[in-house]
Amino acid sequence: MHTCVYWAHLDPEASWCDSNNLSLPTPLGAKSTLQLALLDDMFVPANDYDIALTIVPKCPALHDYHASLGARYLTRSVFESLDAWQLAGTPAWPDIFASMQTSGEEAVAFSAVQDILSSSIQSSYAYLAGAPASGEHPTPELSAIRYANSKSTITQLCHQLEIPGLGVVIEQQDDINRLLELDCPFVLKEAFGVSGKGAYLVKEQRITERLVRHFQKQSASGKYGGLVAQPWLDIEIDFSSQWHIDKQGEITFIGLCQVENKGFRFSGIDLCCQALCDVVAQSNYDTHVRRLLSELFKRGYFGPVCVDSALLQDGTVYAVIEVNARESMGSIALRWQEKLSLSNAVRLRQYDVHYQSPLKLEVMLNKLAARGALLKSGQLGGIVPLTASSLALSPQSSLAKGRWIQLECASRSSDYYRTILQSCLLEMGASLQ
Amino acid sequence: MEAQKENYLTEINELLCSIKNDPSLAGKVTEQSNFIEDFGIDSLDIVDFMLGLESQFDIEVDFDAFDFDNLTSAKRLLAYILAHSTTEA
Chain A
435 MHTCVYWAHL
445 DPEASWCDSN
455 NLSLPTPLGA
465 KSTLQLALLD
475 DMFVPANDYD
485 IALTIVPKCP
495 ALHDYHASLG
505 ARYLTRSVFE
515 SLDAWQLAGT
525 PAWPDIFASM
535 QTSGEEAVAF
545 SAVQDILSSS
555 IQSSYAYLAG
565 APASGEHPTP
575 ELSAIRYANS
585 KSTITQLCHQ
595 LEIPGLGVVI
605 EQQDDINRLL
615 ELDCPFVLKE
625 AFGVSGKGAY
635 LVKEQRITER
645 LVRHFQKQSA
655 SGKYGGLVAQ
665 PWLDIEIDFS
675 SQWHIDKQGE
685 ITFIGLCQVE
695 NKGFRFSGID
705 LCCQALCDVV
715 AQSNYDTHVR
725 RLLSELFKRG
735 YFGPVCVDSA
745 LLQDGTVYAV
755 IEVNARESMG
765 SIALRWQEKL
775 SLSNAVRLRQ
785 YDVHYQSPLK
795 LEVMLNKLAA
805 RGALLKSGQL
815 GGIVPLTASS
825 LALSPQSSLA
835 KGRWIQLECA
845 SRSSDYYRTI
855 LQSCLLEMGA
865 SLQ
Chain B
25 MEAQKENYLT
35 EINELLCSIK
45 NDPSLAGKVT
55 EQSNFIEDFG
65 IDSLDIVDFM
75 LGLESQFDIE
85 VDFDAFDFDN
95 LTSAKRLLAY
105 ILAHSTTEA
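Chains as they are written, first to last, in our numbering: chain A, 435 to 867; chain B, 25 to 113.
None of these hints come from the bench; they were simulated from the model. Treat the numbers as computed from the prediction; the structure is a model and nothing was measured. It cannot be assumed that every hint is accurate.
Stated by the list, open to error - Below, computed lysine-lysine pairings styled on DSBU-like, alpha-carbon distance capped at 35 Å:
hint: 1; chain 1: B; residue 1: Lys52; chain 2: A; residue 2: Lys794
hint: 2; chain 1: A; residue 1: Lys681; chain 2: A; residue 2: Lys637
hint: 3; chain 1: B; residue 1: Lys52; chain 2: A; residue 2: Lys657
hint: 4; chain 1: A; residue 1: Lys696; chain 2: A; residue 2: Lys773
What the hints assert, rightly or not - Just the calculated beta-carbon pair ranges, DEER-fashion:
hint: 5; chain 1: B; residue 1: Pro47; chain 2: A; residue 2: Asp529; range: 17 to 27 Å
hint: 6; chain 1: B; residue 1: Thr54; chain 2: A; residue 2: Asp849; range: 47 to 57 Å
hint: 7; chain 1: B; residue 1: Ser97; chain 2: A; residue 2: Gly863; range: 40 to 50 Å
hint: 8; chain 1: A; residue 1: Asp712; chain 2: B; residue 2: Glu55; range: 49 to 59 Å
hint: 9; chain 1: A; residue 1: Val542; chain 2: B; residue 2: Gly64; range: 50 to 60 Å
Just so you know, even glycine gets a beta-carbon here, dropped at the ideal spot from N, CA and C.
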């Protein structure tokens, strides 16, 4: 019985990206929001004796509630409180790992965390280059991680492997002008963009011309590559499949889920999608994806992989839209489904929440329970809140934004649960965005 | 100058309503407004917002030099627009 330490950094792409790559027009200094660093509390360990290592202490009310449903695990945190984390300048995992590698007081402050990580098996949401190694459990080289996650290299690899794909890779300066030949609308993606940033829908030729001027300017200053242009597809259903490549190269299919997006924004996961699974099973999906993953292993990658895919309105299954060589919201939903021994009828929903003062989760749980919306042990339907920390910050401005993520054990519709959630939040001076 | 600032604020507000697809934001932008925190301009909106500013005010922004802090204060954004539209003219 080996204890496994679970930790999650939900913005790994920012660590993997190459600052020499071309990038969409984004102002200097735009940063990840604080809320991303605090969403690590939803990454759930598999076993009772495993440890969830979070940046700030896991909300006790949430931990106790999960335990009441049978989801037991141990918890540790890097900082002893949210205040301590804010006083330290709100470091995310890459900052903490960087401090560990110094020789000064900063490293001493994190020595206990370093001991936990280096003496245990680690299960992380994503590989980060600076994370302490856990001796017998090597991780892939950063170059392999970058290769597996870059949209431009994956697009090129799909072309090489004859996996159907329509993306155009912008690699050299001459390629930039190829954008002018594309019919609008099309989607421009940065190599390490993710849901919420790094993608842009180009709707007019006038905008294409402006972006080409921007990229030419970047190119003249030495930037290159890292962009992909994809046609705007008539998508019926977005979905993703979760896989694991072990250290010997064996590829295991973990699950498939329907993905709910609003534009480029992720909004949820549906694990109950048998009709979709049947359609996918009749295509060459499995063959295409396994061929791709096998190639990623040959190039040094092993670990979790999420493949984003789509079913088009004409019935075509488009196997590889993007690859995220890490855990994903789909795999998190699957982990919770297994941890709570839930049936297939499970959804995950994500909402942005505006709040004026820190939300007390125990109050929210009571309000949801009073309305009959909270899943309780022995009940078949209800919601299970998964996160709390991002809603507990003292707002810097008049209104702070956090994120509410919940599982829905689907006896009712998402709209029904959303309405109840909204009414509970309003009573607490908060609201869904 | 003050009248021009008022006009510019109104035009920025109209652009914001369009980007956020939210007519209720009309009249909400003041010199103290923070576009990120007060109106939820996020990383996906920023490109549209910036390109919209270019069209609206006939300027061309050097995105790799544009300071993100200009979006945290309408007053700063106005100053940027005024400085660059003058230069362009």
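Taking the hints in turn, this is what the structure says about them:
Restraint check: the Cα-Cα separation between Lys52 of chain B and Lys794 of chain A comes to about 30 Å, which is no more than 35 Å; the hinted pair holds. Distance check on the hinted pair: Lys681 of chain A and Lys637 of chain A sit about 43 Å apart at the alpha-carbon level, beyond 35 Å; violated. A distance of roughly 39 Å separates the Cα atoms of Lys52 of chain B and Lys657 of chain A; the hinted pair therefore is violated under the 35 Å criterion. Simply put, Lys696 of chain A and Lys773 of chain A have alpha-carbon atoms about 28 Å apart, close enough for the 35 Å limit, and the pair holds.
A C-beta distance of roughly 41 Å is found between Pro47 of chain B and Asp529 of chain A, which places it outside the suggested range of 17 to 27 Å. Evaluation of the 47 to 57 Å hint for Thr54 of chain B and Asp849 of chain A yields a failure: the beta carbon distance comes to about 35 Å. Distance hint check for Ser97 of chain B and Gly863 of chain A: the Cβ-Cβ separation is about 26 Å, which falls outside the suggested range of 40 to 50 Å. Between Asp712 of chain A and Glu55 of chain B the beta carbons are some 58 Å apart, a value that agrees with the proposed interval 49 to 59 Å.
Here the CB-CB span from Val542 of chain A to Gly64 of chain B is close to 40 Å, at odds with the stated 50 to 60 Å.
Hint compliance for this structure: hints 2, 3, 5, 6, 7 and 9 are broken, all remaining hints hold.
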